[in-house]
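There are 2 protein chains.
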Amino acid sequence: MTTPSPTHKATLQAPTGTRDFYPADLARRRFIESAWRAASVRHGFDEIDGPTFEHLDLYTIKSGDGIVSELFSFSRSGGEKPYALRPEFTPTLARLFAARAPQLPRPTKWFWQSTCFRAERPQRGRLREFLQWNCDILGSEDRAAADAEIIAVCVDLLSALGLTPADVTVKINDRAAVAQALAQAGLTGDPTPGLVLLDKRAKLPEPEFARHAAALGLDLARFDGLMAHAADQCRAALAGHTIDNPAFASLSALAANLRQMGLSAWCAVDPSIVRGLAYYTGMVFEVIADGERAVAGGGRYDNLVELFGGPPTSAVGFGMGDVVLSLLLTEKKLMPDDRAIARALGLAPHAFVLPNGSPEAESALVATVAALRRAGLHTRRSYKTTRNVGKLLKEAADSGAHFAVILESDQEATVKDLSTNTQWPARVPLASLPTQLKPPASA
Amino acid sequence: MTTPSPTHKATLQAPTGTRDFYPADLARRRFIESAWRAASVRHGFDEIDGPTFEHLDLYTIKSGDGIVSELFSFSRSGGEKPYALRPEFTPTLARLFAARAPQLPRPTKWFWQSTCFRAERPQRGRLREFLQWNCDILGSEDRAAADAEIIAVCVDLLSALGLTPADVTVKINDRAAVAQALAQAGLTGDPTPGLVLLDKRAKLPEPEFARHAAALGLDLARFDGLMAHAADQCRAALAGHTIDNPAFASLSALAANLRQMGLSAWCAVDPSIVRGLAYYTGMVFEVIADGERAVAGGGRYDNLVELFGGPPTSAVGFGMGDVVLSLLLTEKKLMPDDRAIARALGLAPHAFVLPNGSPEAESALVATVAALRRAGLHTRRSYKTTRNVGKLLKEAADSGAHFAVILESDQEATVKDLSTNTQWPARVPLASLPTQLKPPASA
Numbered sequence: 001m002t003t004p005s006p007t008h009k010a011t012l013q014a015p016t017g018t019r020d021f022y023p024a025d026l027a028r029r030r031f032i033e034s035a036w037r038a039a040s041v042r043h044g045f046d047e048i049d050g051p052t053f054e055h056l057d058l059y060t061i062k063s064g065d066g067i068v069s070e071l072f073s074f075s076r077s078g079g080e081k082p083y084a085l086r087p088e089f090t091p092t093l094a095r096l097f098a099a100r101a102p103q104l105p106r107p108t109k110w111f112w113q114s115t116c117f118r119a120e121r122p123q124r125g126r127l128r129e130f131l132q133w134n135c136d137i138l139g140s141e142d143r144a145a146a147d148a149e150i151i152a153v154c155v156d157l158l159s160a161l162g163l164t165p166a167d168v169t170v171k172i173n174d175r176a177a178v179a180q181a182l183a184q185a186g187l188t189g190d191p192t193p194g195l196v197l198l199d200k201r202a203k204l205p206e207p208e209f210a211r212h213a214a215a216l217g218l219d220l221a222r223f224d225g226l227m228a229h230a231a232d233q234c235r236a237a238l239a240g241h242t243i244d245n246p247a248f249a250s251l252s253a254l255a256a257n258l259r260q261m262g263l264s265a266w267c268a269v270d271p272s273i274v275r276g277l278a279y280y281t282g283m284v285f286e287v288i289a290d291g292e293r294a295v296a297g298g299g300r301y302d303n304l305v306e307l308f309g310g311p312p313t314s315a316v317g318f319g320m321g322d323v324v325l326s327l328l329l330t331e332k333k334l335m336p337d338d339r340a341i342a343r344a345l346g347l348a349p350h351a352f353v354l355p356n357g358s359p360e361a362e363s364a365l366v367a368t369v370a371a372l373r374r375a376g377l378h379t380r381r382s383y384k385t386t387r388n389v390g391k392l393l394k395e396a397a398d399s400g401a402h403f404a405v406i407l408e409s410d411q412e413a414t415v416k417d418l419s420t421n422t423q424w425p426a427r428v429p430l431a432s433l434p435t436q437l438k439p440p441a442s443a
Numbered sequence: 001m002t003t004p005s006p007t008h009k010a011t012l013q014a015p016t017g018t019r020d021f022y023p024a025d026l027a028r029r030r031f032i033e034s035a036w037r038a039a040s041v042r043h044g045f046d047e048i049d050g051p052t053f054e055h056l057d058l059y060t061i062k063s064g065d066g067i068v069s070e071l072f073s074f075s076r077s078g079g080e081k082p083y084a085l086r087p088e089f090t091p092t093l094a095r096l097f098a099a100r101a102p103q104l105p106r107p108t109k110w111f112w113q114s115t116c117f118r119a120e121r122p123q124r125g126r127l128r129e130f131l132q133w134n135c136d137i138l139g140s141e142d143r144a145a146a147d148a149e150i151i152a153v154c155v156d157l158l159s160a161l162g163l164t165p166a167d168v169t170v171k172i173n174d175r176a177a178v179a180q181a182l183a184q185a186g187l188t189g190d191p192t193p194g195l196v197l198l199d200k201r202a203k204l205p206e207p208e209f210a211r212h213a214a215a216l217g218l219d220l221a222r223f224d225g226l227m228a229h230a231a232d233q234c235r236a237a238l239a240g241h242t243i244d245n246p247a248f249a250s251l252s253a254l255a256a257n258l259r260q261m262g263l264s265a266w267c268a269v270d271p272s273i274v275r276g277l278a279y280y281t282g283m284v285f286e287v288i289a290d291g292e293r294a295v296a297g298g299g300r301y302d303n304l305v306e307l308f309g310g311p312p313t314s315a316v317g318f319g320m321g322d323v324v325l326s327l328l329l330t331e332k333k334l335m336p337d338d339r340a341i342a343r344a345l346g347l348a349p350h351a352f353v354l355p356n357g358s359p360e361a362e363s364a365l366v367a368t369v370a371a372l373r374r375a376g377l378h379t380r381r382s383y384k385t386t387r388n389v390g391k392l393l394k395e396a397a398d399s400g401a402h403f404a405v406i407l408e409s410d411q412e413a414t415v416k417d418l419s420t421n422t423q424w425p426a427r428v429p430l431a432s433l434p435t436q437l438k439p440p441a442s443a
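Residue numbers (this note's numbering), protein chains in the order written: chain P, 1 to 443; chain R, 1 to 443.
Simulated from the structure, these hints should not be mistaken for laboratory data.
Where hints are given, some of them may not hold.
Quick look at which bits of chain P chain R covers, simulated, 3 or more residues with Cβ under 8 Å [as the list claims (entries may be wrong)]:
| # | stretch |
| --- | --- |
| 1 | 34-48 |
| 2 | 283-295 |
Pairs of lysine-lysine, BS3-like flavour, derived with a Cα cap of 27 Å [claimed, not checked]:
| # | chain 1 | residue 1 | chain 2 | residue 2 |
| --- | --- | --- | --- | --- |
| 3 | P | 416 | P | 394 |
| 4 | P | 171 | P | 416 |
| 5 | R | 384 | P | 438 |
| 6 | R | 384 | R | 394 |
| 7 | R | 416 | R | 438 |
| 8 | P | 81 | R | 394 |
Simulated coverage check for chain P against chain R, where a stretch passes if three residues somewhere in it have a Cβ under 8 Å from a Cβ of chain R [said to hold, decoys possible]:
| # | stretch |
| --- | --- |
| 9 | 197-205 |
| 10 | 215-225 |
| 11 | 336-343 |
Being a predicted model, the structure only gives us computed values, none of them experimental.
Cβ coordinates follow ideal geometry from the N, Cα and C atoms, glycine included.
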């Protein structure tokens with residue numbers, strides 16, 4: 001066996017850009033994961049999962065060879081093709097849907113939550129391993145309804161965590177509407193160069209952007225005017241007005257659906273939202289916190305399932321990571337403290353058992369704890385050697401337990417309800433403790 | 001964009017040895033994970049997690065360079081040391097404990113459940129990516145009590161899933177006892193060669209085994225006699241007899257603890273259990289189903305935390321994978337059906353909303369579903385275009401929903417309790433549906 005040496009120092013830390021989760025860290029992560037899961041289930045999504053690594057090709061089919069440098073890839077000898085850790089789940093989702101498309105319901109509503117990996121140089125807020133939540137609706141012919149349902153589950157999660165429209169805005173756009181406005185403003189042929197340019201708009205100096213737009217034959221004032229008109233119409237639809245002959249029908253239909261769902265206050269059309277990824281085909285959206293940080297993003301991708309060998313399939317979805325969301329909750333003081341998280345996750349002990357200091361009580365400790373656990377009760381005990389009952393009761397209270405069970409002998413115990421700080425009037429025979437300390441109704 | 005071609009066929013399947021989880025598959029996996037988590041929490045373990053990949057060195061420190069060929073390893077340019085997907089969690093656990101040993105409680109009780117990876121050639125029952133559950137107790141000076149607690153949480157999981165001592169046996173041994181017997185039977189010096197030989201005993205022809213034993217100077221009859229005596233003593237301790245001057249004190253103390261916990265029927269001492277991994281230092285055990293398949297295994301590893309730069313630390317733990325356990329539950333008809341799993345996991349819909357076929361009812365569908373979900377109720381709806389209420393009610397029943405909500409207009413609904421197949425006597429105004437369809441008590 002090797003002895004640890006100074007050269008092992010780096011080995012004995014988590015790789016840069018990954019995280020260790022001690023119990024309190026993991027409880028905060030599980031709190032977010034549990035909120036993600038609950039929102040998904042409430043909205044009728046079914047959970048799926050796939051391999052942590054896929055054939056490298058699966059990612060280049062969707063994103064081109066440019067993605068390879070962002071992937072952790074590896075090979076095995078013996079003629080196996082190279083693999084890569086998943087940088088996102090959508091290719092796996094498209095693969096799963098394509099493989100069983102004829103048997104799957106219409107629509108298919110799937111959610112997924114697990115880890116993704118990016119091989120970029122680690123920097124602040126950018127991890128190499130992070131958690132991601134996805135919801136997707138595939139095969140729905142009513143695109144505006146499916147788009148609205150995707151936005152609804154995302155907003156419901158934010159709302160369930162205590163965020164409000166004062167904290168976050170769902171900024172919505174539609175690539176089809178943008179393409180239509182680009183064409184009306186003079187761009188001929190494939191709208192892609194126009195979309196690519198618009199995606200860079202916020203980062204380019206205005207004169208440079210205008211020069212590029214002119215080179216594409218684009219009348220910028222006309223384009224901006226058309227999009228402003230579309231946004232106005234959507235604002236009116238979100239406010240409950242009926243739009244006759246909407247200039248951009250799909251955006252207006254989406255706005256009408258969002259209004260029916262009671263989501264008007266959360267949503268705004270923003271013509272500047274384009275989203276770089278090339279595969280979006282219609283609605284795109286980002287959830288923006290405090291005017292700048294993207295908490296979630298997604299959109300419609302009607303060509304992807306076909307690209308993976310399936311039938312032409314309507315598809316819309318979004319992804320949300322844990323890092324920005326956690327920062328936001330912490331800043332807004334919406335991340336509960338450790339004790340509240342333990343309660344929310346059902347992790348608070350039901351009983352905490354301690355002996356009163358006598359050898360008889362001591363001798364009953366192991367069997368009593370085992371019997372309570374066998375009855376399904378989350379039971380902790382003191383492992384301290386002290387016989388100071390006051391100290392042990394403090395340990396019980398610190399554990400967040402509902403009941404302290406003080407063994408008075410090898411026959412009976414005193415029960416103290418720590419949630420009300422009251423002691424039961426009569427001692428309880430040890431044999432009837434499991435029935436008397438009934439599990440909570442939810443167990 | 002690339003068009004799928006015959007060469008993409010392999011790409012469009014999960015890599016060999018990994019799994020796709022469609023909703024029913026994932027629900028079965030979540031059922032097992034949820035049982036693992038519940039048993040861990042009941043027994044007072046706190047959950048931790050670490051990176052999916054670690055520095056490759058972390059695994060060679062524990063297991064030597066021989067493990068490298070079994071790992072999925074990969075490198076990045078720019079002077080970063082190589083990484084490997086975790087083949088097991090114990091090195092990460094030891095790293096986490098060593099890094100914060102002074103601040104951590106004594107004992108520290110941790111559990112972990114997630115995926116592990118092995119780069120071996122895939123074969124039946126051996127996957128390249130699989131789920132693993134670990135429980136570990138670190139820093140307990142009462143080794144027999146900690147060993148018994150580790151066995152207890154493992155047995156509690158098996159019992160909670162419906163397995164009994166007729167299905168599985170916890171076969172226990174103690175490397176310290178084996179080393180003592182080896183020494184008494186003539187082996188001088190380091191006991192390792194004797195342990196290595198014993199680990200191969202079941203696979204070697206008896207004459208060959210005897211030859212190797214003789215070469216080590218071992219009196220095999222004497223060794224077997226000593227171990228049989230130890231097993232007899234433990235059997236007596238498990239049956240409640242007090243053993244004076246036990247020949248193998250640690251095994252007898254463990255047996256006494258197991259008896260106090262009510263676990264005697266599950267456990268047997270088996271001198272043939274050695275477990276190949278070199279790092280065990282005391283108690284070792286395997287849970288054996290139907291006399292042959294190992295469902296779980298573990299033991300005491302008092303040197304490992306020190307090897308990772310921490311203080312000398314008592315440590316004991318075990319691991320259980322999902323593959324053998326799932327097969328066993330299925331064979332024993334203990335894997336619930338899809339509907340029962342959905343109920344157990346809280347995935348059954350609370351309400352299923354369908355319009356009665358009228359345009360007014362149709363127009364209220366989106367808003368009603370959104371309002372129920374906002375109230376926290378798991379709500380599904382029909383997306384079918386049929387107006388045949390009978391067909392839609394069948395869809396509601398097939399979903400496993402508790403209530404069918406039949407929209408009668410844009411003002412009211414009929415509620416049908418599908419769990420009792422009774423209809424509520426009066427129609428319900430849509431606005432009061434969220435309060436009248438109260439969430440279950442556990443929500």
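Which of the listed hints are not met by the structure?
-> Going through the list in order, the structure violates hints 2, 4, 5, 8, 9, 10, 11 and respects the others.
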